[in-house]
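Trainee: Listed below, chain by chain, are the residues.
2 protein chains.
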Amino acid sequence: MKFDVLVEVRLRAGISDPQGATIEKALPVLGFESVSGVRAGKAFRLTVEAPDIVEGRLVVEDLCRRLLTNPVIEDSIVTLEAQTDPAKASS
Amino acid sequence: MKFDVLVEVRLRAGISDPQGATIEKALPVLGFESVSGVRAGKAFRLTVEAPDIVEGRLVVEDLCRRLLTNPVIEDSIVTLEAQTDPAKASS
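Residue numbers (the numbering used here), protein chains in the order written: chain A, 1 to 91; chain B, 1 to 91.
The hints are simulated quantities; they were obtained by calculation from the structure and are not laboratory data.
Nothing here was measured: the structure is a model prediction, and the numbers come from that model.
Be a bit skeptical, because a hint or two may be false.
Identical copies carry no separate label here, and so any pair may be met within one copy or between two of them.
[As the list claims (entries may be wrong)] Below, computed lysine-lysine pairings styled on BS3-like, alpha-carbon distance capped at 25 angstroms: (1) Lys-42 / Lys-2; (2) Lys-25 / Lys-2; (3) Lys-25 / Lys-42.
Taking the hints into account, I'd like the entire structure generated from these sequences.
Mentor: Right, here's the structure in full:
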């Protein structure tokens, strides 16, 4: 069974985020006074093949720890969704 | 009313993704044979203040077009969620 996965990697609270701060400084200039608290992170899309969603999540969480994140400064949010489209599932 | 926003920015289909390709090349070495189709993108977290969720989404989509994405090679997925925690909403 195949799952579409979204991994959101973000800086832990308290870790300085220069990219987010730079975006935030540009907001008033562009007229976005209603936007605040910008934090920049990474997003990975991938496909995992596993017998069930629990196994799939374990594999992706292991991947996060070992490759996608730096656990000292980052944490990750993993979202899995079963592929339902048969054309996609067979590819 | 305040909304917590997640903006996922990803490369359009067909645009080459060297970061994703590099991660994918490392997967078999690390024993992740069940993972494939890695695409790397960006994730932004922010807060928007708006009268309702429709207005909030319009502001964030405008922000995506003008600042967060390069519409030639990227598209964005915007998710809004109303802040429910009163301590958070008043901050």
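Trainee: Each hint should be assessed against the structure and marked as holding or not.
Mentor: Each hint tested on the structure:
Taking identical chains as interchangeable, the C-alpha atoms of Lys-42 and Lys-2 lie at most 25 angstroms apart whether they share a chain (23 angstroms) or sit on different chains (23 angstroms). With identical chains, the CA atoms of Lys-25 and Lys-2 are at most 25 angstroms apart between copies only, with a shortest distance of 20 angstroms across copies and 42 angstroms within one. Taking the shortest alpha-carbon separations for Lys-25 and Lys-42, both the intra-copy value of 20 angstroms and the inter-copy value of 19 angstroms come in at or below 25 angstroms.
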